[in-house]
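Place chains B, C and D on chain A using the hints.
Residue numbers (this note's numbering), protein chains in the order written: chain A, 1 to 406; chain B, 407 to 812; chain C, 813 to 1218; chain D, 1219 to 1624.
Everything hinted at is true.
Think about it this way: if two alpha-carbon atoms lie no more than 25 angstroms apart in a straight line, the pair counts; the simulated DSS-like pairs of lysine-lysine are:
#1 D/1304 with D/1350
#2 C/840 with C/816
#3 D/1442 with A/220
#4 B/538 with B/630
#5 C/944 with D/1265
#6 A/251 with D/1438
#7 C/1032 with C/1063
#8 A/47 with B/538
#9 C/1207 with C/906
#10 C/859 with D/1304
#11 A/220 with D/1516
#12 B/453 with A/401
#13 A/47 with B/453
#14 C/859 with D/1619
If you're looking for bench data, these hints aren't it; they were derived computationally from the structure.
Below are the chains, spelled out letter by letter.
4 protein chains.
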Amino acid sequence: MHDKAYALFEQQQQDRGIDLEQVKQKLKALKIETPSWGYGDSGTRFKVFQQVGVPRNPFEKIDDAAQVHRLTGLCPAVAIHIPWDKVDDYEKLKAHAQAQGLSIGAVNPNLFQDDDYMFGSVTNSIPQIRQKAINHLLECVEIAKVVGSNTISLWFADGSNYPGQVNIRTRKRWILEALAELYQALTPDMRMLIEYKFFEPAFYHTDLADWGMAYDMALKLGEKAQVLVDTGHHAPGTNVEHIVAYLLDEKKLGGFHFNSRKYADDDLIVGTINPYELFLIFYQILDAGQDADPAVRKTAENIAYMIDQSHNIEPKIPAMIRSVLNVQTQYAKALLINFDEVRQAQERQDVLAAEHAVRQAFEQDVTPLLAAVREEMGVPVDPMQAYLDSGYAEKIASRGKGGASW
Amino acid sequence: MHDKAYALFEQQQQDRGIDLEQVKQKLKALKIETPSWGYGDSGTRFKVFQQVGVPRNPFEKIDDAAQVHRLTGLCPAVAIHIPWDKVDDYEKLKAHAQAQGLSIGAVNPNLFQDDDYMFGSVTNSIPQIRQKAINHLLECVEIAKVVGSNTISLWFADGSNYPGQVNIRTRKRWILEALAELYQALTPDMRMLIEYKFFEPAFYHTDLADWGMAYDMALKLGEKAQVLVDTGHHAPGTNVEHIVAYLLDEKKLGGFHFNSRKYADDDLIVGTINPYELFLIFYQILDAGQDADPAVRKTAENIAYMIDQSHNIEPKIPAMIRSVLNVQTQYAKALLINFDEVRQAQERQDVLAAEHAVRQAFEQDVTPLLAAVREEMGVPVDPMQAYLDSGYAEKIASRGKGGASW
Amino acid sequence: MHDKAYALFEQQQQDRGIDLEQVKQKLKALKIETPSWGYGDSGTRFKVFQQVGVPRNPFEKIDDAAQVHRLTGLCPAVAIHIPWDKVDDYEKLKAHAQAQGLSIGAVNPNLFQDDDYMFGSVTNSIPQIRQKAINHLLECVEIAKVVGSNTISLWFADGSNYPGQVNIRTRKRWILEALAELYQALTPDMRMLIEYKFFEPAFYHTDLADWGMAYDMALKLGEKAQVLVDTGHHAPGTNVEHIVAYLLDEKKLGGFHFNSRKYADDDLIVGTINPYELFLIFYQILDAGQDADPAVRKTAENIAYMIDQSHNIEPKIPAMIRSVLNVQTQYAKALLINFDEVRQAQERQDVLAAEHAVRQAFEQDVTPLLAAVREEMGVPVDPMQAYLDSGYAEKIASRGKGGASW
Amino acid sequence: MHDKAYALFEQQQQDRGIDLEQVKQKLKALKIETPSWGYGDSGTRFKVFQQVGVPRNPFEKIDDAAQVHRLTGLCPAVAIHIPWDKVDDYEKLKAHAQAQGLSIGAVNPNLFQDDDYMFGSVTNSIPQIRQKAINHLLECVEIAKVVGSNTISLWFADGSNYPGQVNIRTRKRWILEALAELYQALTPDMRMLIEYKFFEPAFYHTDLADWGMAYDMALKLGEKAQVLVDTGHHAPGTNVEHIVAYLLDEKKLGGFHFNSRKYADDDLIVGTINPYELFLIFYQILDAGQDADPAVRKTAENIAYMIDQSHNIEPKIPAMIRSVLNVQTQYAKALLINFDEVRQAQERQDVLAAEHAVRQAFEQDVTPLLAAVREEMGVPVDPMQAYLDSGYAEKIASRGKGGASW
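The shape of chain A in the complex, shown without the other chains (with noise of 0.2 angstroms):
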C-alpha cells in the first residue's frame, strides 16, 4: 500500500514539475531543536496539572528528548534552561546526551523567576540587580561552552504593568548595555538570538516587544545577533511570514520558537490552529533560500528550529512527538511549491494563478512522501504509534508524580 501510494505520488510531482530527490534530501537535513523544559510540567496561572511520568532532573529530561528523536530522527539537540537545567557537571550533561545521540542545543538563560526581578532584570532601576542579570548571561555563555552549545538565547520578561511605573527610554539603553556585554563575551562561533514579545507577563509594556526592537538590538550589536521568532509573540493578525521575509533579506533572522496560538501565547502544539501559517512561513524561507544574494541564501539554511510550548493537557512526549511531525508536514509541504510556477504568475501579475500555485502545495497529501523519507531514515514510518507501541510511557511511570515543572 505505501509502495504503491508513493509511485503515484512520485508521479504526480514529476508531473508538477517537483525534483522528489532533491525533496527529500532536505527533508533529511530538518533538524528542530527541543526545549528540555517540553518534557516538564508546565500549565496556567489558574493551575499546573501535575502528570505522572514527568522527568526529576536535566538527566531524565535528556532521556526523554532521545526518546523523540530515535522515533523521529528530527531531533538531535536539546535546549536548556538555566537554571531549570542546573547541574554540579556540565560535562556530565553533554555526555549523557552524548551517550543517546544527541547534542546541547541553545543554552536559554532565565531571568523572570528570581524574587530580584520583579521590575525587571538587566533593565531593573537598580544597578545590582542589572549586574547580577548580565552576571547570568555571561555565566550561560560559560555553560555553552562546556556543553558544546553555541547559541544562547534570550527571552526577557522585562516591562512594566502601568503606565508611568517605568522610564522606558532608560530601559531601553540599559538593555542595549547587558546585551552588548554579553556580545563581547561570545566565543567567535557563538551566536545570540533575541527574542521578543507583544506582552506578558508584562501588561502595559515589554522592553523588547516586537520584531523592530529586537532587530534593532541586533543591527547595533554585530552580525552574531539575531532575532528570534516566537511564532505566538505577536500582536493579533499580524503576518508573521512577512516578518519572517524581511528578516531573512537582513540577514537577522536566527530562529524560531514554534508553537500555536488562537489568543494571546497559548503555546500550544505547532501546527494545530493554522496549519497554512506554519506552511507560509516555510515558503518564505524556501524562496530565500533560493536569493540572488548568497548571504540571504546562507542565513535562510542557518535557522535554528526550535519549539517551545506548554503541554498543560497533553502527555509531554506524545506532545512533543506529535509537534515536530507537524512542523516535518508543513516543511514537506512547502518543498512541494512550483517556485517557478509561481515567479511567473507573480510576473503576469496573475493573482488568482499565483496564489493557487503557492496553496496547491500545501493541499498535496505528504504520507507517503514521509513514510518513504523515515524508512529510508531508519526511524518508524508512524512516530507516533511506535512511541505508543515501545513502553516507554509505562517505563517512566515510575518517576511518579511531581517531576520537573517551570
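Chains B, C and D alone, transformed into the frame defined by chain A:
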C-alpha cells in the same frame, strides 16, 4: 483650599445644570465588593512573587478588606472563594466580618483547581466528575446560606485546547444541566451570576465564551439567573458598554468584575489603562437608570459591583484602595453627564454635540466633589495617604511572606 | 492517472472506515449561492479599480452566475440586492435565471446607501426614515414572492461612530420593531436571516454587533427567523466554529456568508487565509448533522451557504469559481472525518488522538474524489481551466469597463 | 467666573509644583497641521455621504483651514495631497494661503488611485509603473519647493491580498530603491516622513506594515528620513506610546497623523475613543524633551503634528476644530505631569505612586488654563461656539453639495 475648590465646583455644576445633591447621594450609595483573593499573592504562569504581609487565612483577608472599607467607605462586603476560603465554621467567619462592619458578599465556587477538572468540571465527559462539580456548586449555596450571602458568582474555566478535543454541543447541554440544578437550589432571595470569558485557561474553545452564551443560559434558567460582565474577558476591540446596555435592556445584567486590560485578561487595576471605557460603562448604567421601564431601572440599581484583579507586583491593600477609588472617580464623572443635553443633541442628530456632552463630564475634575462626599461620609479625604499613614502595613508585616495565594 | 489516483484514494478511505458513497452523495448535494454583486466592481474606500467585462445590469450578472454554475455544478441560485438589482419586471429576471438553469436565491435589502440613512435606517431617530426603511424591507418580501425566493437576508449597517452619539437601548428596540414588522409579512415558506457585524461602516457601536444580538432578535421573533454567520464579521481570535455549533444546537443557524479575513472584514476569497477554519466549521455542521435531536439535524441540513466577497483586484468570475471550489474542497475534507474515531478519543479524554482524528481528514488530498464527483455530475474536472479555455472572458470583454459596482 | 477658576487652578498647580508659565509658553507654541483632504467629503467603501458646503477646490480647502486657524490659533499650516490638490499655479496656492496667515505644510504624494497602481506603485513588478511612481515622488519635491514646504509625507498603500501573490523580499528592495531616489532629490532643509500601516487597502501583506519596517528604511536612507506614526495604523493592543518613545530615542520620530480608532483604521476624531492614550503619547514626548541627549530633545521638539481623519458623518470644519482642541487638551494635561515626582517614584520602584503621578495630571480639568492661554493668544475662549456663531457655515452653504472628495 478644599472649600474654595468645592464652592467653585458647585457653581460650575450648577451652571451645567447638574443637581449636585442627587450626585452626592448616589456617590454615598455606591458599594464595591472586594474579593478575598485580591488580598493574597497572585502572579502569572511565569512567577508568583510572594509579598510580605499577605494574609495567611480567610480571617486575615477579612481584616484587610475591613481596612479598605474603613478608609474608603465603599466596600462593605467581601466576596469569598471556595475552597480558598474554606473554614470549619462559617458562622464564625460571618461574625468576624460583622464585627468589623462587613458582610460576606458573593460566594464563588472554584471549579478549576482540582486535579479531576483537567478536562472540565461541569462539562467533563466523565459523569462522576460532573456530579462532583455540581455537588460543589450546591455546597456553595449552603455556605451562602450560612454566611448570609444572596449571590452565587459562577466562572467556569471549562473548555478545550484543540479542535476536535471535545464535543462542543454536548458540553453545552451539560453546562445547562449543572446550572439548572444549581438554580433549583437557590433560595427565593438568591441570585446566580454567570460569568463568561473569551479564553484562558482554555485556548481553543471556552464553554461559555461570550456574553451571548451566558445570556442564553440565564434566559433558559429564569429571572434569578443573570450575567456577570468581567471587563477583561472580551476580544480585542469589543464594545463592552454596548453589551452592558443590551443586558440592561433585557434585565439580565447582574454584576461586574472590574479590572483593566490592554492585551488579554491582564487583570490590572481598574481604570488605569483606559479610564474612559469605565466612564462609558457607567454612562450606560446611569442612562438605563432613567429608563421608562421600571424593570430596567431596577436592574440598573441592583448591579453587584465587584473587583477581580491580580496584583502581581503591587502591594495588595493599596492596590485595592486605588482600584475602588478609580471606580468611584469614574462613577462620579458619569454622574455629571447632563442627560438632557445628550438627549437633545441625539434627537437633532448633532453628532459632535452629543459626543461632547458625554465627554465633557469625563473632563471634569471631581476631586472637590469626592473630598466633600468623603467628609460627609466620615472617611479620610485622601484614603491612600491615610492608609500609608495608618501603620497598618507595618503591623501586618509580622505575617511575613508566604501567605495565601491562588 | 485520475483512475489510478481514485482507486488508491478509495482504498485509503475504506481503510480509514469512510463510506465513500455517502461522501459523494453529500458532495453532489452541496449548493452554494453566489451573490449578484460579486460579479460587479468593488473596492476599498481608497479606490475601486474598474475591470473590463463587468456586467452592466442584473441580467448580465445572472449570465455570469450561470457560467459559474455550468462549470462547477455548485451554484444553482443567485442572491440579489435591492436596489442594486432593481428591474422593472422581476418575472422577467426570474425567467432569465430559469432559462439558464438558475433560481433567484436570497433577497438582500440595501439599507445603507440612501442619503437618508446617514444616521441609521431602521434605527434612525427620525420616525419617517425608520418607516422608509421598513417599507423597503416589505418591498423586498414582495420581490421575493415574485422571483420565487424564500429567503430575506438582512444586514444592517446601522450604528454610531462616537460614544454618546445615539441611545443604544432605544435603537435596540427600534430594530426589533422593524424586524417584527418584516416577520409578519413573511409567507409561511419564507425565512429571514439576520446578519451581525463587529464593526464597519459604524466605528463605535453597531446595532447588531455580534451573534448574541442577532440570536436574541431571532429568538424574540420566532422560528422563521435565524442567524446568518458572515465569516468575516468577528473580533480577532473569535472561535467562529464554536458560534456555529451553539447556533446549530439552538436551531437558529440559518446561513453563511463565506469569505476570508486576516484583519478586519477583508472580504477575501474564502479558504485562502486560514483554510483550516473553514474545514472546522464544516466539522461542526456535519457533527450536528448526526445529532440525536432531529431538529438539530434538520437545521444543519437547511443551512443556506452563500458567498459574500469583494474581489478588488481579481477577475470576478474566476474569483467566484475559486471561491466555490475552495468551499467544496474543505467540505469534502470534513466529510472524510471518521466521527466514530473522534468520539471514541473524546470519550477516553485522549486529547492528542481526538485532535489528530479531526486534522487527519484535513490532511487528505481530495483531488481524486472531487474529480470523480465532477465526472459523475457532468461538469469539468478542472472548472477553473475549463473557464479559462471557454472563451467566456473574451466574449464579455465587449461589455467594456464601467459595469455595475456597489 | 473664568478668573476665579483660573486663580484656583494656578494655586492648585503651584501646590503640585508645576511651573505654569512654562506650561503656557509650550501651549502657545503648539502647532497642528490640518489636511486639505479633511475638509472634503469622505466615507467608507459602503457609501460616501455628500455634505453641503464642502470646498470645491484647493483654494476653498485653504479657506476652511484658515477659518480653523483663526478660531484656534493652533493650525498655521495645511498639508496638501497631490493630485487631489493639483493646481496650475502653485505660487498662487501658496500666496492664497499666506494671505490668510497660513503656510503649506507637508506635501503628500498619492500612489494609490491611479489605475496603474492596482498591483502596487513603487513595488509594482512592472518597471514602467515603478518609474511612474518615482516620478510622481520627484514631482512632489518640486511642488514642495514652490509652495515652500520642507516635508514630504509618504504613505504607500502597496501590498498584496493573498499569500503567494507577490515576492515580498523583491518588493522590499524596490521600495528602498524608490525611497533612495526621493531622498537624493530632497533639498538640505527638507525631510521625508515614512508612514507605515498594519493593513488596508492591502489585506494580506502591506509592504511597510509596521514601525520596524519604516524605521529600517529611514535608517538606511539617512538623517533626513524619519518615521511618521499614524495613531490608527497598528494591530489591536499595540502600545503606541512605546513605539513613540523608541523612535524618539533613536532620533527617528518625525511626525504624527492623529486620529482615533476602536477597531481598524477607523479615522475617527482624535481623542474621542481613548483620550488617555493620546495623553500618554504626549507624556513620552515631553519626557524625551528633557532627555540628557540634546539630539533626543531636538527630535522631540521637531515633531510634525498632523491630523489625518475621515469625517464621514460629521460636518467637516467643526470636526476639525474639535480634533485640534482635543489634541490641545491632552497636550495641556501632559504638561501638568510633575516629572520629578514620577522619576522619584520610579526610582524607589513604587508602582502605585508612579502610575498615580502620571494619571493625576490626566485627571486635571484644564479648561481654565486653556481659557487663559486662548485669551493671551487672542483667539476665542470657546472656539467651537465661536465657529457656530460665526456664520461661516451658512456662508459656505452656497457651495452646495458635491465638493471635493477622496
